[in-house]
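Protein chains in written order, with my numbering: chain A, 208 to 476; chain B, 17 to 301.
Simulated from the structure, these hints should not be mistaken for laboratory data. Among these hints, one or two may not hold up.
Stated by the list, open to error - Residues on chain A that point at chain B, a partial pick, calculated with CB under 7 angstroms:
1. Leu234
2. Leu294
3. Ala327
4. Ala354
5. Leu454
6. Ile455
7. Thr458
8. Leu462
Claimed, not checked - Across the chosen pairs, the derived CB separations fall in these ranges:
9. Val204/B to Asn306/A: 38 to 44 angstroms
10. Pro255/A to His60/B: 52 to 58 angstroms
11. Lys257/A to Val71/B: 53 to 59 angstroms
12. Glu58/B to Val222/A: 55 to 61 angstroms
A virtual CB, placed ideally from N, CA and C, is assigned to each residue, including glycine.
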Amino acid sequence: MNWRFELDRWSFRIVFAAIAAVGMFFLVFPTIVVLITSLTASEFLQFPPKEYSLRWYWELKDAVQIRDAATNSFVVAFATTVGAIVLGVSGALAIARSNARWAKGLDMAFMSPLLLPQLAYGFAALMMFSLAGARLSIWLLIIGHIAVCVPFVIRTTIAALAQLSNSLLESSYSLGAGKLYTFRRVTYPLIRPGIMAGAFLAFMSSFDNVPVSLFLTDPQIEVLPIHLWQIINNELDARAASAAGVLIILTVVLLVIMERLSGVTRYMR
Amino acid sequence: MRRGSTFNVTGEWQLSLPLALFFALFFLGPLGLLMIVSFYAEPHMQTWGTASQYVQALADPINLDVLWDTLVLGLKATLICLVFGFPLAWMIAHARPRWQGVLVFLVILPILTSVVVRTFAWVVMLARRGIINESLMTLGVIDSPLRLLFDETGVLIVLAQVQMPLMVLPLLTTLQRIDPNLADASAVLGAGRWRTLWKVILPLSVPGMVAGCILVYAACVTAFVTQTLIGGARNIYMPLFIFQESMDLQNWPFAAALSVVFMISVLLVVALLVSLGRASRAQAA
Chain A
208 MNWRFELDRW
218 SFRIVFAAIA
228 AVGMFFLVFP
238 TIVVLITSLT
248 ASEFLQFPPK
258 EYSLRWYWEL
268 KDAVQIRDAA
278 TNSFVVAFAT
288 TVGAIVLGVS
298 GALAIARSNA
308 RWAKGLDMAF
318 MSPLLLPQLA
328 YGFAALMMFS
338 LAGARLSIWL
348 LIIGHIAVCV
358 PFVIRTTIAA
368 LAQLSNSLLE
378 SSYSLGAGKL
388 YTFRRVTYPL
398 IRPGIMAGAF
408 LAFMSSFDNV
418 PVSLFLTDPQ
428 IEVLPIHLWQ
438 IINNELDARA
448 ASAAGVLIIL
458 TVVLLVIMER
468 LSGVTRYMR
Chain B
17 MRRGSTFNVT
27 GEWQLSLPLA
37 LFFALFFLGP
47 LGLLMIVSFY
57 AEPHMQTWGT
67 ASQYVQALAD
77 PINLDVLWDT
87 LVLGLKATLI
97 CLVFGFPLAW
107 MIAHARPRWQ
117 GVLVFLVILP
127 ILTSVVVRTF
137 AWVVMLARRG
147 IINESLMTLG
157 VIDSPLRLLF
167 DETGVLIVLA
177 QVQMPLMVLP
187 LLTTLQRIDP
197 NLADASAVLG
207 AGRWRTLWKV
217 ILPLSVPGMV
227 AGCILVYAAC
237 VTAFVTQTLI
247 GGARNIYMPL
257 FIFQESMDLQ
267 NWPFAAALSV
277 VFMISVLLVV
287 ALLVSLGRAS
297 RAQAA
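Please construct the entire structure, taking both the sequences and the accompanying hints into account.
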C-alpha cells in the first residue's frame, strides 16, 4: 500500500510496544531486584551484590522479632479471612438475589472501605476502641482488618452468583429441596471458586495491611509489614531483604496454587 | 419462572443482617465518632461544638500545602499509570491466548506482593550508590549521583509502579469487551491505527479508565508506606501528617478534623473523575 498507511501502522505498533514493554519491565523488575539483593554476602544491601550467599536467609531463623511479627500477621490474616467469608458470603447472597434499591445502596456502601483512605479509618477505629475503654488486642486488630477486607469477598461472591443460573435453584426447589439443602448442594459448589478467590484476596490484603494496623497494634502485638517498614526506615538490616524474599516466594507459590484451585485471576478484574 | 424468582427474593434479606450490623458498628461507627471528635476545641476534649479545628486545619497555609501536595501527588501518579497502563493493557488484550495468561499473571503478582517489599526494592535501587545512579553515571548522563530517595520525583515513580496493576486490570477487562469488528470497520472505512485509537478504542474504554483511575488514586493518596519510605521525613503527605498529629502529639480532635478534610477531598476528586468519565462518554455517544 502507500507509505502513509505503513507509517501509521508501524508507528502505532512501535510506540505501543515500547511503552508497554517499559511498563511491564517496571512491574516485574523490582521483584527481581529484591530477590537478587537478598542473596548478598555483605553486611549492607546493594544491587547487584558483589558476592552471593544464602547467609541472610539462614540468619532469619534467629530473627525472633521478625518471626513473631510474621506469626501474628498470619494469625490475624487467617482470622480476618474466616470472618470476612462468614459476613461477606451471607451478605453477598442477600444482595445478589435482590433487585431492590436498598440492595444496590448496600452494595455501594460495603465497597466504600476500598475507596476511603484506610488510614483515617484506622485512626477512627482506634479512637472508638479506646473511648469505649477497650485495650488494644489481637481481636480488635482482627475486627479492623475484617472491616477493610470484607469488600473483596463480597465482590467476588457477587460476581460468582451473577453467573449462577436461577433455573438451577428453581429445579432444586421444585424437586423438594429446602433452602439450606439447595445452598449446600447447588449454590455453594458453584460459587466456591468465587468465595475462594475473595478469601485469598482478603487474606493477602490483611497480611499486607499497614494503614489500619498502624493504629491498632502496639509493641506487644507487632505485625510483619509494620516491623519490616520500621527496619527499612531505621537501620536497613539485611534481614529485611531475606524476609522480603521469603514473602515473594510464598506469594508466587500461593498465587499459582489458588489459580489452579479457583482461577483467582478471573476475579481480579 | 416468575413465581420461582419471587420465591428467591423473599425471605433472604435477613442474610445481610450480620454484615450490616458489623458494618454499622465497626465501620460507620468509628467514622461517625471521627466526625464528633473533630468538633472538640482542645486536645483533652472538653468543649464540644466548635469548628475551631477545621479553622486551624484550613487556615494555616502549611497544612493546606500538605493537603494540596497529597491530592496532586495522587493525580500525577494516576496520570503516569494511565499513560503506561493503557498501552500495556492493550498489548495484553491483543496478545496470543497463551501469552495472555502469563502476562496477566505478571501484572497480578505485584498487587499480591507486600507493598513494603515492593517499596523496599526501590529503596535499594534509588539509593545514592544504587543501580539507577550508577548506570546513569556509567553512561555519562550525570557526573554526580542524583538525590532520588527522599525526593518527590522518587515518590511519584514508585507510587506509579506500585499501583500500576490497579489501572491495567480494569482497562484490560474493558478492552477485551470491545467488539473487534469495530476496529476492523474503522480500518475498512479508511481510518489508520491512530485514528481508530482516538475515535473508537479510547472512547469505548472510558469506563475502564475511570475505574482504574479511581482505584489508583484512592490507593496513591493513602499509600503511607511508599510515601514515608521514599519521601522521607522532608516530604510530608496527609497520611503521615494525620499519624503524627494523632499518635505522636495525641491531638485527636485536630487529627480527626484533618482526617475528615482528607476523606472529603479524596471523595470529591473521585466524584470529579466519575463525572469526567460520564461527560466524555456522553460526548462520544
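Outcome of the hint check:
no., hint, verdict
1, Leu234, "holds, 5 angstroms"
2, Leu294, "holds, 4 angstroms"
3, Ala327, "holds, 4 angstroms"
4, Ala354, "holds, 5 angstroms"
5, Leu454, "holds, 5 angstroms"
6, Ile455, "holds, 6 angstroms"
7, Thr458, "holds, 5 angstroms"
8, Leu462, "holds, 6 angstroms"
9, Val204/B to Asn306/A: 38 to 44 angstroms, "holds, 41 angstroms"
10, Pro255/A to His60/B: 52 to 58 angstroms, "holds, 54 angstroms"
11, Lys257/A to Val71/B: 53 to 59 angstroms, "holds, 57 angstroms"
12, Glu58/B to Val222/A: 55 to 61 angstroms, "holds, 58 angstroms"
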